[in-house]
Amino acid sequence: MSTDVVAARGYLTDLLAGHAQPPVSPASPVSKKPAWLKALRAEATERVGVLKMPIPHDEAWRFTDISALTRQSFHPLRTPTSLQARDIERFHIDEATTRLVFVDGVHAPQLSSVDVGVGGAGPGGAAIVVGNLASAIATDGSTVQAHLGRHAAFHDQPFAALNSAFLHDAAVIIVPHDISAATPVHLLFIATQPQLAAHPRTLLVAGPGSAVTLIEDYVALHEGAYFTNSVVEVALGANAAVEHVRVQRESVQAFHIASCAVSLAHASRYHSVSVALGARISRVELDVRQTDEATECSLDGLALIGERQLADTHTFIDHAKPHGVSRQLHKTIVDGAAHAVFSGKVMVRPGARRTDSAQSSRNLLLSAKALVDTLPQLEIFADDVKCTHGATVGQLDSEEVFYLRSRGLSEAPARNLLTYAFGAEVIDRIPVASLRRHLERSVLEQTTRQQ
Amino acid sequence: MILQDSRTLLDVRGLHATVNGTEILKGLDFTVKRGEVHAIMGPNGSGKSTFAKVLAGHTAYEVTAGEVLYEGRNLLGMAPEARARAGIFLAFQYPIEIPGVGNSQFLRLAYNTVQAERGKDELDPLEFDDLVREKMKLLEMSPEFLGRSVNEGFSGGEKKRNEILQMALLEPALAILDETDSGLDIDALRVVSRGVNHLTSKDNAVVLVTHYQRLLNYIVPDYVHVMEGGRLVKTGGKELALELEERGYDWIEAEAKAGAPSRGVSP
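Same order as they appear, the protein sequences are chains S and U. Just so you know, we're using my numbering here: the first sequence kicks off at 1 and counts up by one. Just so you know, we're using my numbering here: the second sequence kicks off at 1 and counts up by one.
If we strip away everything but chain S, and leave its shape as in the complex, we get (with noise of 0.2 Å):
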């Protein structure tokens, strides 16, 4: 045991050493770092020396075996592949004006689409910042330094810790007060080569009664394996309304760890939808923390998955004060030997009084060998709440497969169609058209390949 801490402990730091030099984008230079974002990254740092990767024995993580990801060796970017524009076109979204590309884990500028007329200039001139970390720091710097790093911990989070060592640049968007952004912001993480690591950082920070729709996408230019270690802050202020769209489509021998956290100020309204359909194995870690009271905020998750996936979703909904409302469904498909692991804590903080959360893990095992684990816990230390939870694992309903057979449809197409359907109830909650409509037509043709 002592030796498998050893080498797994060995292997952060192997991590960490392959990046000394990091690759920059060329809009940000290393010398203007400010002296909080070192502090930050040092901190960090010396976590990732004294943090050891999760093991099986791990609470958080005893459904889920990483030990593919750390038998794998990655390296640094050494060569950036210049990517065209006509090279990612298929990834635009139409609703997307504004667009940030990281090739890699870089950040593109000549891929990127900032349309500055994104909500326009709000009251006092001010107009929503959506750049990378070095032009964030330029245009408000004193937002950036408030927020990044302040709501993803990384103190006992090996993965966030490495992450925030690797804090050199970031997605960077900033919704100023009143201001409601007309089209949505697509951040668009393209890998393009095999065996290496990225490191993406991505901070949203809606000012209070600010209205925002964000598109976290993750995509691949090949099939081989690859690391992606995530980290998403998002901060809401009062009565701020944010819409999140993640879709994880990494190549099916990537790696994708990603942690998300969420605070959320007075009356303010967040929606999530996360569909993940990549990667050999993913794990998403989302937290979201009420700050005040009368929050309201709704996780919708989708895993859709077969061969020898394995896509883990940890979500932690804090009610920390009165009047939250909570809604979550998250459903999982799953095929061919693999597994799916939903974890779900809703906390009922004593005094979140008139807390009303409902939570729902809805599981489709599409083979014999497919395997789900869920786990949806409610702790409640607070009175007069209304909560509820529940689990479900099943196979297609045989009365609903003879209903389409009788009208003619052959059996698989039937079954295809009911498989499709339960994965639809989740893409259709993307508030953004052209995103359902692929993603819809990408779970039609997975579920018609899987059968």
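There may be inaccurate statements among the hints.
[As the list claims (entries may be wrong)] Residues of chain U clear of chain S, computed beta-carbon distances all greater than 12 Å:
1) E67
2) N197
3) K238
4) W251
[What the hints assert, rightly or not] Here are some of the chain U residues that sit facing chain S, going by a computed Cβ distance under 7 Å:
5) P80
6) E81
7) R85
8) I96
9) V101
10) A110
[As the list claims (entries may be wrong)] Taking CB as the label site, the calculated pair distances span:
11) S:T388 with U:S155: 49 to 59 Å
12) U:E62 with S:P350: 39 to 49 Å
13) U:L138 with S:R441: 27 to 37 Å
14) U:L138 with S:S410: 21 to 31 Å
15) S:H389 with U:G236: 50 to 60 Å
16) U:G156 with S:S410: 22 to 32 Å
17) U:V63 with S:D383: 51 to 61 Å
Since the hints were derived computationally from the structure, they do not count as laboratory data. C-beta: ideal position from N, C-alpha, C; glycine also.
Given the coordinates of chain S, assemble chain U onto it according to the supplied hints.
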């Protein structure tokens, strides 16, 4: 309508079927010719719905003896979808709700599947939309039902209309309507019946499975059969339904037990 020289569409001989090891159908004989409307009546638990589902090929039922010929072919060897494509249609007693599958998408998929089997052209969404809206008028259905998931949140009457809409689109040779009248108010019953009557012709046949005589005021059968204990024990004309309404089923049971002659097939 009873036609001279009409060809036999369905011929059921000595049919036995079980569900979960319990025998429900116990030697059923039944013959249908094109153009005819048959009503199968009988008390609860007599096996009416089981018979309807066995004809449609429901996988939960096991046929243990007997044979069923449909247009001279061995129906029991055909998968449910093959039966549907060959012209058999079952209107479900409890139509299934399928959240997430759009009703319009479902109807077009079913329609095109059956069209392809018949060597006819499939319709694209726009062409199909025109067709389905026309058929919906017949059933006084709002086009709004096209935009919803299959049967999801439909009232009992709306589900039954949606079943008959499917019948109108698929134009089956043999339509089996399982308790289509249950859960319908009088207006809905009138609309659904008018729809069915509009669809009957000399080339197809309808089998009405019903507990009550009420439906038969609207869809007039050529033959009325009484099912009892998994067999058809009595057959008569439409007046038999009225007699059943008046006297109940007990006298039939008594008659059957006394060994009264009953052929259980169309004369």
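Comparing the hints with the structure gives:
{"no.": "1", "hint": "E67", "result": "21 Å, holds"}
{"no.": "2", "hint": "N197", "result": "22 Å, holds"}
{"no.": "3", "hint": "K238", "result": "29 Å, holds"}
{"no.": "4", "hint": "W251", "result": "36 Å, holds"}
{"no.": "5", "hint": "P80", "result": "4 Å, holds"}
{"no.": "6", "hint": "E81", "result": "5 Å, holds"}
{"no.": "7", "hint": "R85", "result": "5 Å, holds"}
{"no.": "8", "hint": "I96", "result": "4 Å, holds"}
{"no.": "9", "hint": "V101", "result": "4 Å, holds"}
{"no.": "10", "hint": "A110", "result": "4 Å, holds"}
{"no.": "11", "hint": "S:T388 with U:S155: 49 to 59 Å", "result": "27 Å, violated"}
{"no.": "12", "hint": "U:E62 with S:P350: 39 to 49 Å", "result": "59 Å, violated"}
{"no.": "13", "hint": "U:L138 with S:R441: 27 to 37 Å", "result": "34 Å, holds"}
{"no.": "14", "hint": "U:L138 with S:S410: 21 to 31 Å", "result": "29 Å, holds"}
{"no.": "15", "hint": "S:H389 with U:G236: 50 to 60 Å", "result": "58 Å, holds"}
{"no.": "16", "hint": "U:G156 with S:S410: 22 to 32 Å", "result": "30 Å, holds"}
{"no.": "17", "hint": "U:V63 with S:D383: 51 to 61 Å", "result": "60 Å, holds"}
Checked against the numbered hints listed earlier, the structure breaks hints 11 and 12; every other hint is satisfied.
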